[in-house]
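Asker: Following the hints, position chain V against chain H.
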Amino acid sequence: MTERIKITKKLSESREYIAARFKLGTNFDFVLRDFKIRFQDGWADGFLIFFDGMVDKTFINRDLMRGLLQGGTEEKGMSREQTIFEKMTPLGPLRMVQDFDQVEEDVSFGHCVIFVDGCDCAFAADVKNWRGRSVGQPLQEASLSGPQEAFNEVIITDLALVRKILKTPSLIAENIPVGSESKTPCGLLYIEGVTNRELVDEVRRRLQEIDVSYIFSSGDVEMLLEDKSFFPMTHTLRTERPDRAAAMLAEGKVVLLVQGSPFALVFPTTATDLIEVSEDNYVRVSEANFMRLIRLGGIFLALFLPGIFVAVLLFHQEMLPTDLLLAIEASREPVPFPLVAELVLMVLAFELIKEASIRVPSPVGSTLGIIGGLILGQAAVEAGIVSPLLIIVVSMAGLGSFAMPSVSLARSVSLLQLGFILFGAIAGLLGIVCGIFICGAVLSASETFGVPFLSPLTPRNGDSVFGTLLIKPIWKKELRPRNLRTQDPVKQPHISRKWMAQRKGGDNQ
Amino acid sequence: MKEQRRYLGKWEFGCLVFHACFYKIFTTYPPKLFAISGTAAWISALYTGILFLVVFGGVLLCLEKVSGQLPKGVIITGNLFLAIYWIFSAGNALREFIGVLQMVAFPRSPGWFLGCVLLLGVAVTVLCGGRAVYRMHSLTVLGVGVAMAVIAVLGIKYAEPAYLTPWLGKGAGQVFGKGLSGLFLYTDSLLILQLAPRCRREVRLTKTALIGAILAVLLNVALILVSSMSHSSLLSKTSANLIYPLTKAAYFGKFWSRMDAIYLVSLMISAFLYLSMALHLFFLAIKKVKPILLRRKKGAAALCMVGVLTLFLTGCYDSREVEAAAYTIALGIDQGETEPYRYTFQLSNPLELGGSMETENTPQSSGGEEEDAKENKTVSNITIEAEDFYLAVNQLKSHLSKEPDLSHLKLLVFSTDVAKEGVLSHASLLFWEQEVRPSTNVCLAESAGEFLKKVKPTLEQSTARYYELFFQSRNTPYAPVVELREFVSRGTDGGWDPVLPVATAEKLSGIGIFQEGKLVAAMDGKAGMLYRLLSGNATEIAVRAGESSFLVSSGEKPKFHLDTSTSPKRIGVRTTLKAKLISGSKQDVPVLAAQLEDEMTAFLRETVRMKTDVLGIGDWMRSGMLREEEWENFHWRDELAKFDIVSQTKVKE
Chain H
1 MTERIKITKK
11 LSESREYIAA
21 RFKLGTNFDF
31 VLRDFKIRFQ
41 DGWADGFLIF
51 FDGMVDKTFI
61 NRDLMRGLLQ
71 GGTEEKGMSR
81 EQTIFEKMTP
91 LGPLRMVQDF
101 DQVEEDVSFG
111 HCVIFVDGCD
121 CAFAADVKNW
131 RGRSVGQPLQ
141 EASLSGPQEA
151 FNEVIITDLA
161 LVRKILKTPS
171 LIAENIPVGS
181 ESKTPCGLLY
191 IEGVTNRELV
201 DEVRRRLQEI
211 DVSYIFSSGD
221 VEMLLEDKSF
231 FPMTHTLRTE
241 RPDRAAAMLA
251 EGKVVLLVQG
261 SPFALVFPTT
271 ATDLIEVSED
281 NYVRVSEANF
291 MRLIRLGGIF
301 LALFLPGIFV
311 AVLLFHQEML
321 PTDLLLAIEA
331 SREPVPFPLV
341 AELVLMVLAF
351 ELIKEASIRV
361 PSPVGSTLGI
371 IGGLILGQAA
381 VEAGIVSPLL
391 IIVVSMAGLG
401 SFAMPSVSLA
411 RSVSLLQLGF
421 ILFGAIAGLL
431 GIVCGIFICG
441 AVLSASETFG
451 VPFLSPLTPR
461 NGDSVFGTLL
471 IKPIWKKELR
481 PRNLRTQDPV
491 KQPHISRKWM
501 AQRKGGDNQ
Chain V
510 MKEQRRYLGK
520 WEFGCLVFHA
530 CFYKIFTTYP
540 PKLFAISGTA
550 AWISALYTGI
560 LFLVVFGGVL
570 LCLEKVSGQL
580 PKGVIITGNL
590 FLAIYWIFSA
600 GNALREFIGV
610 LQMVAFPRSP
620 GWFLGCVLLL
630 GVAVTVLCGG
640 RAVYRMHSLT
650 VLGVGVAMAV
660 IAVLGIKYAE
670 PAYLTPWLGK
680 GAGQVFGKGL
690 SGLFLYTDSL
700 LILQLAPRCR
710 REVRLTKTAL
720 IGAILAVLLN
730 VALILVSSMS
740 HSSLLSKTSA
750 NLIYPLTKAA
760 YFGKFWSRMD
770 AIYLVSLMIS
780 AFLYLSMALH
790 LFFLAIKKVK
800 PILLRRKKGA
810 AALCMVGVLT
820 LFLTGCYDSR
830 EVEAAAYTIA
840 LGIDQGETEP
850 YRYTFQLSNP
860 LELGGSMETE
870 NTPQSSGGEE
880 EDAKENKTVS
890 NITIEAEDFY
900 LAVNQLKSHL
910 SKEPDLSHLK
920 LLVFSTDVAK
930 EGVLSHASLL
940 FWEQEVRPST
950 NVCLAESAGE
960 FLKKVKPTLE
970 QSTARYYELF
980 FQSRNTPYAP
990 VVELREFVSR
1000 GTDGGWDPVL
1010 PVATAEKLSG
1020 IGIFQEGKLV
1030 AAMDGKAGML
1040 YRLLSGNATE
1050 IAVRAGESSF
1060 LVSSGEKPKF
1070 HLDTSTSPKR
1080 IGVRTTLKAK
1090 LISGSKQDVP
1100 VLAAQLEDEM
1110 TAFLRETVRM
1120 KTDVLGIGDW
1130 MRSGMLREEE
1140 WENFHWRDEL
1150 AKFDIVSQTK
1160 VKE
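Line by line, the protein sequences are chains H and V.
Residue numbers for the first sequence follow our numbering, beginning at 1 and rising by one.
Residue numbers for the second sequence follow our numbering, beginning at 510 and rising by one.
Don't read these hints as lab results, they were simulated from the structure.
Predicted, not measured: the structure shown is a model, and the values here were computed from it.
A hint or two may mislead.
Pairs of lysine-lysine residues, derived as DSSO-like cross-links and limited to a Cα-Cα distance of at most 27 Å, are as follows [claimed, not checked]:
id : chain 1 : residue 1 : chain 2 : residue 2
1  : V       : Lys-519   : H       : Lys-477
2  : V       : Lys-1035  : V       : Lys-1066
3  : V       : Lys-1016  : V       : Lys-1087
4  : V       : Lys-1159  : V       : Lys-1066
5  : H       : Lys-476   : V       : Lys-519
6  : H       : Lys-472   : V       : Lys-519
Among chain V residues calculated to face chain H with C-beta under 8 Å, some are [said to hold, decoys possible]:
id : residue
7  : Arg-515
8  : Gln-611
9  : Val-613
10 : Ala-614
11 : Arg-617
12 : Leu-629
13 : Gly-630
14 : Ala-641
15 : Asp-827
Beta carbons: idealized from backbone N, C-alpha and C, even for Gly.
So here's chain H without its partners, still in its complex pose:
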């Protein structure tokens, strides 16, 4: 570890160091402003530094400097450092900084740092004013019935959004800067007394032991924290909804907020978390369960339908009803390509449209839809390049992928879908089952932060499988998931609707 350079009482030395380190004159947004300050024993030189655009200049001019210069510093019996500190503390958050490394860090984070001749320290005032967008609506996790707030890129705002929901001092938010140069603030959130300590320690340990220069997004942090980067399915839930992050915290999980990223990362994440949407908590249980089943069906369709279609059509034609088979045969007659080529072509075309629709500016979005629909649908069929049934299969699989709650999951499924098409084309249903085994084995053997990815489906830990796959009414969600081994496994008492007990002549207390 390199030794930190201390600030000396000689202002000229400090000025020289700062001018060299921050490339004064080259960095056009770096501001160094000289001033004079009067002490009891006479005038002293001083200067302040900050990055233009990252600070609140009005506050600096109106409050900080005016307070420092106009009132004077005439107290007796105190050192210059002590005098300035006491004078300025009421004006805003202020710290005395002893070394230049800390000065660099503070200035980079939007602090204004003041140097005064004769002081062996500097004064860092937190006047940061980062420009950021206001709290907007969630885009990826849109909900009809739930709150319409989403995280933005400013960590403090994100944290406030979570606190606004949980409102408990037990919610701990630790700041762990990551990146030796970028020092990106990462907020490690958990609920004291609920979350498993070992889990918190493990996330903290991994965060602290990341040794990279720069962090740009939560995706970087996710990749640096996860066990297997090449794993075919995401192991970390990324949510842009504060309410969902809060619900996860209440379950006993750890949430990580990263400065500059509008997504919170949730640890540990299991497969069942990936199929949840926040909408589930805001509608009636029967509706939520129906939608959950639809979503599960969508995942099944997206993952297996094209593969099974190829497998059955190439290897197991006897399994189709005769009329359907004959209809397929009639539709395939004019198509010049083998079934697999046709299907892969269509799936890739569909993925292309999906990808293009994200990149394309919104005014031409509808045009893209028309082109996609015409090319993939009508024209391709009329040209005899693809059969109509195949369009239906690809569309069904596509709809299934759109129904998935997580974009990351949808992308993983799209990737696996191609694998299943390959397996289906190689060995029919045997290939599909082989693919399922390979995926199943890899998924079931994997763990995130010590929690099996497929739990409680496997291994069984006592939690109801149906209760996990489907949605229970809130009054039945009495326990936290066992696989998290939380400090307080009981979320609410057995009878949470006490009014029922009263109505039935039970305990009125």
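Answerer: For chain V alone, kept in the frame of chain H given last:
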């Protein structure tokens, strides 16, 4: 660290035990038991199952007592034995599973190809570690068990208790003595207890293992029982695996959910599960003998995958594009002129399905000729003369640009001439043909080829669907509905002679009666109706009696009663019918009963005169016998003529 290796919870361990006891139902278990015990295969299955459970319970109790007390030498020797056992067992299971897969769904794929696909999935699972093996069991075994239980339940539809007789099959010595060899099929379940130290501390080993084993034994016995009941004993002897034809016949709905797809997937899952478990246990055992193995898991996995993928690139053997196949929807067999048989293959023509029945409105066609001008363009008929079926298929291939496919065969038609010579060999051959469904309908026609050429679907575009609907039981009051499975099974039974419906291009009316696979009489639609009433399969058949009309349906299956006090001895066939008055008076119900009783008695006497037993009275007689030998010496056909058979009809309103 050792604590972390205890991955096995009670659910995982129970699933492992269940599957180890169950997987051989897909391979060696059923044919072996049928070969040893004949009709009493289910008794052998039950008996060995109970014995196994007793032994298993004992071993579990011993295991609890000696756990952790074995000397190191014993442990190493034991592990060496286990390693040898598991590697041989895995090899043997791989061979067996490949054989079954080839029989069931991949007839053209070479064994090494199927083996490579199986080993790819197994290798990845094993390389992912014990957790993956156990958890894959816990994820899939319940599904396999439920699927097979559903097959057993649906199979009850095809069950004939008469097929379980003689009750002791090949005799007590075989069933209880040689049947004991069935115990060896449970060896894996005993040796799987090698995993006991990997169970979590809270797992109650004995209870969990016994529950898994009991469920597996029950399911084994249920499947053997149902498959025994759905096929005649003679058919069971020739079968490689009788559960598969059962699944092929069973429908879960009208068009969808053919159970053979579920069976096939269950079979594949079972193969992957067992092989991965056997290899995992092999590596566990050998690790204790020589702990240096399996260190480079990733490298081994990559090598394994690259190797198998290279093999994949050599070809997809059973793959065939839909449009490259010519689907035969009906097959007619006549006597040939130059060769013994003339086969008429009716192939679907899907491109014409949009506008099937076209009338060629040429200026010449008019009036009475219009009917003949109508042509069923949804099908093409190709007639080939050949010595046997496979030679005919060979010749068919030379007529077609596409490959013939029999998987959607809906109808098999025998001409009466061929039927008189005997059709059981043709029917059996097609029954065991991998592509043909046992549920294919069979019928008789004056000339099979002409029948197929003249078929003109009415109110229907698709000829295939026309056959499906035409041969539905409710639609054919004057003829029985017979599937290939039933025809072959009864033809080989000896105690129950098969019948076939008689079809013309216009209608299905009449019944052909068979004896030992040969047609002995073709009777009219009235006889067909009486047969349906007698056999308990009639649905709302209109009958006129006295001054009234009734809709008559069968109430229950016929019951037989032997009266030895008369001379000759009399067998009463008791049928219960339900009559719904359409017009007239209820007072005519006794008239209806008397009329039907007389007609049915006459019909039965006629069949007995021909030495045929169309109602399965022989099977009923057989139910009083203990051993198959007794039945073989009984000579039922000769005995039948000595009985006077009468119908005793009870009509309920």
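Asker: Holds or violated: is the Cβ of V:Arg-617 closer than 8 Å to a Cβ in chain H?
Answerer: With a closest approach of 10 Å, the V:Arg-617 hint is violated.
Asker: Identify whether the interface hint at V:Arg-515 stands, where standing means a beta carbon of chain H within less than 8 Å of its own.
Answerer: With a minimum Cβ separation of about 11 Å from chain H (threshold 8 Å), the hint on V:Arg-515 is violated.
Asker: Hint V:Gln-611 vs chain H: min CB-CB distance below 8 Å?
Answerer: violated, 11 Å
Asker: Taking 27 Å as the top limit, are the C-alpha atoms of V:Lys-1016 and V:Lys-1087 close enough?
Answerer: Given that 27 Å is the threshold and the Cα spacing comes to 26 Å, the pair holds.
Asker: Restraint: V:Val-613 near chain H, CB-CB cut 8 Å. Satisfied or not?
Answerer: violated, 10 Å
Asker: Within a Cα-Cα threshold of 27 Å, do V:Lys-519 and H:Lys-477 meet the stated pairing?
Answerer: holds, 25 Å
Asker: Is the Cα-Cα distance between H:Lys-476 and V:Lys-519 27 Å or less?
Answerer: holds, 25 Å
Asker: Once the shortest beta carbon distance from V:Gly-630 to chain H is found, is it less than 8 Å?
Answerer: OK, holds: V:Gly-630 within 8 Å of chain H, min 4 Å.
Asker: Within 27 Å, alpha carbon to alpha carbon, are V:Lys-1159 and V:Lys-1066?
Answerer: holds, 12 Å
Asker: For the hint on V:Leu-629, just tell me whether its beta-carbon gets within less than 8 Å of chain H.
Answerer: For V:Leu-629, the interface hint holds, since the closest Cβ of chain H sits about 6 Å away, which is under 8 Å.
Asker: Is the straight-line distance between the alpha-carbon of H:Lys-472 and that of V:Lys-519 27 Å or less?
Answerer: holds, 25 Å
Asker: Go through the hint on V:Ala-641 and say holds or violated, using the shortest Cβ distance to chain H against 8 Å.
Answerer: Nearest chain H Cβ about 4 Å off; hint holds.
Going down the numbered hints, you'll see the structure goes against 7, 8, 9 and 11, while the others check out.
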